[in-house]
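Make the full structure from the sequences, and use the hints.
Chains A and B, in that order, are what the protein sequence lines are. The working numbering applies: residue 2 is where the first sequence begins, and numbers increase by one. The working numbering applies: residue 6 is where the second sequence begins, and numbers increase by one.
Do not take every clue at face value.
[To be verified] Stretches of chain A that chain B covers, calculated by requiring three or more beta carbons in the stretch to come under 8 Å of a beta carbon on chain B:
#, region
1, 107-115
2, 121-130
[To be verified] Computed cross-link-like contacts, SDA-like style, restricted to lysine to any residue with a CA-CA straight-line distance of at most 20 Å:
#, chain 1, residue 1, chain 2, residue 2
3, A, K176, A, R62
4, A, K176, A, H156
5, A, K176, A, W89
6, A, K7, B, S126
7, A, K7, B, A115
8, A, K7, B, G121
9, A, K7, B, R128
10, A, K7, B, W123
11, A, K7, B, R124
12, A, K7, B, S80
13, B, K97, B, Q76
14, A, K7, B, A119
15, B, K97, B, S80
16, A, K79, A, V115
[What the hints assert, rightly or not] Covered stretches of chain B, going by a simulated chain A footprint (3 or more residues, C-beta under 8 Å):
#, region
17, 47-59
18, 104-115
Derived by calculation from the structure, the hints in this document are not laboratory data. Glycine included, every Cβ here is placed at the ideal spot set by N, Cα and C.
So you can see what is in the structure, the chains are spelled out below.
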Amino acid sequence: MTHRLKAMAQLLALACVAGLLALLVWQLDHQRHAPPIGSIAPAFTLRRLDGSGTVSLASLRGRPVVLNFWSSSCVTCKSEAPVLERDWTRYRPRGVVFLGVDYNDLASAARTFVAAHGLTFPILKDGSASVTSTYGVAQAPETYVVNRRGRILAHLAGPITAPGFRGEFHAALAKATA
Amino acid sequence: MIPRFLAVFGAALVLAGPASACARPRTSLPYLEGQVMCPTCHTTLDQSDSAAAHQIEVFISQKIAACWTAQRIESALVANYGQGILAAPSHKGFDLLAWWLPIVGVLAGAVILAFGVWRWSRRREPEEPDGPTGSGLDEETERRLDDLLARFD
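This is how it looks when you write it as structure tokens:
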């Protein structure tokens with residue numbers, strides 16, 4: 002009886018350790034990383050900030066998409082916003098869709114930001130930042146350029162106004178619209 | 006005359022409303038700063054100095070001034086940011102596990118400890134000397150010793 006109890010206790014302890022190890026492995030495996038260039042952009046459906054329905058990435062298949070992750074509390078997003086709006090006006094006739102994804106932000110503050118910068122491209126609200134996390138966004142602003150087949154052409158982890166990123170952004174857009 | 010009076014009275018009510026609405030606030034900023042997380046730095050607001058935290062603090066202050074309860078403010082923040090904005094998990098659904106598991110763990114630990122102590126004390130009992138049988142003498146010697154001692158009675 003004693004031996005059986007001892008064996009059971011040992012088994013239970015081993016099961017606990019195995020469970021903890023499994024949790025650790027799961028956690029390491031599920032850490033969010035930016036999807037690699039050339040991979041299919043993670044699918045999502047998000048509500049529009051203005052409340053007029055939802056937008057899914059899948060519904061835009063066949064058109065190049067610029068995904069810009071931003072937040073109204075982000076300082077560099079303020080200088081990036083007018084440039085994005087200008088680029089949107091420039092590339093829109095070529096079929097490019099710009100999507101702003103607002104995350105970690107109050108909806109009211111985001112709406113004020115959009116109005117203040119006169120942004121006219123669709124802005125989506127990622128309240129819980131789940132989509133943002135899927136895209137491995139570490140700090141706003143970050144921008145992805147997705148081609149017509151839904152593959153990622155470029156990932157700019159910083160404002161598109163940065164000297165190094167400006168050329169890369171336009172090169173990716175030229176490739177996407179070719 | 007009467008419509009004009011009603012219009013002025015109505016305007017006075019509208020204007021006076023917000024000012025007098027919260028003479029006695031129903032919660033406080035320091036309390037909520039400990040309950041709400043900063044979404045960018047993953048600490049509570051009272052430990053964060055980020056712009057995102059400041060933005061939420063302004064929102065909370067506005068709602069406290071509008072006489073909102075802590076629960077209502079938290080609900081509004083959850084609607085905007087999701088459940089992760091709260092420092093503590095909710096008291097319903099799957100989140101209940103976070104509250105009950107530590108208690109169950111402590112109770113299970115106490116039961117296991119008590120069982121272990123009980124078993125240990127039981128195992129020790131036979132080893133302790135208990136009277137004549139624990140004297141280390143064989144039965145014959147013990148009987149002769151009893152006879153000898155009986156002579157002195």
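*Is K7 of chain A close enough to R128 of chain B, meaning Cα to Cα at most 20 Å?*
Satisfied, since the Cα-Cα distance of roughly 14 Å is no more than 20 Å.
*For the pair supplied as a hint, K7 of chain A and R124 of chain B, is the alpha-carbon distance within the 20 Å limit?*
Distance of about 12 Å is within 20 Å: holds.
*Sort out whether W89 of chain A lies within 20 Å of K176 of chain A, counting only the CA atoms.*
holds, 16 Å
*Hinted pair K7 of chain A and W123 of chain B, Cα distance within 20 Å*: Distance of about 15 Å is within 20 Å: holds.
*Would you say the region 107-115 of chain A counts as covered by chain B, given the rule of at least 3 residues with C-beta under 8 Å?*
With 4 residues close enough to chain B, the hint holds.
*Below or equal to 20 Å on CA atoms is what counts here, so check K79 of chain A against V115 of chain A.*
holds, 10 Å
*asked:* Just to be careful, I want the Cα atoms of K7 of chain A and A119 of chain B compared with a cutoff of 20 Å; is the pair within it?
replied: holds, 15 Å
*asked:* Hinted pair, alpha-carbon criterion (20 Å max): K97 of chain B, S80 of chain B. Please report holds or violated.
replied: holds, 14 Å
_With the threshold set at 20 Å, check whether the alpha-carbon distance from K7 of chain A to G121 of chain B stays at or below it._
holds, 11 Å
*With a C-beta cutoff of 8 Å, work out whether three or more residues of the region 47-59 of chain B approach chain A closely enough for the coverage to hold.*
holds (count 4)
*Pair hint outcome, K7 of chain A versus S80 of chain B [Cα-Cα no greater than 20 Å]*: Not satisfied, since the Cα-Cα distance of roughly 49 Å exceeds 20 Å.
_Holds or violated: K97 of chain B and Q76 of chain B, Cα atoms, limit 20 Å._
holds, 14 Å
The structure does not agree with the numbered hints 12 and 18 stated previously, though it agrees with the rest.
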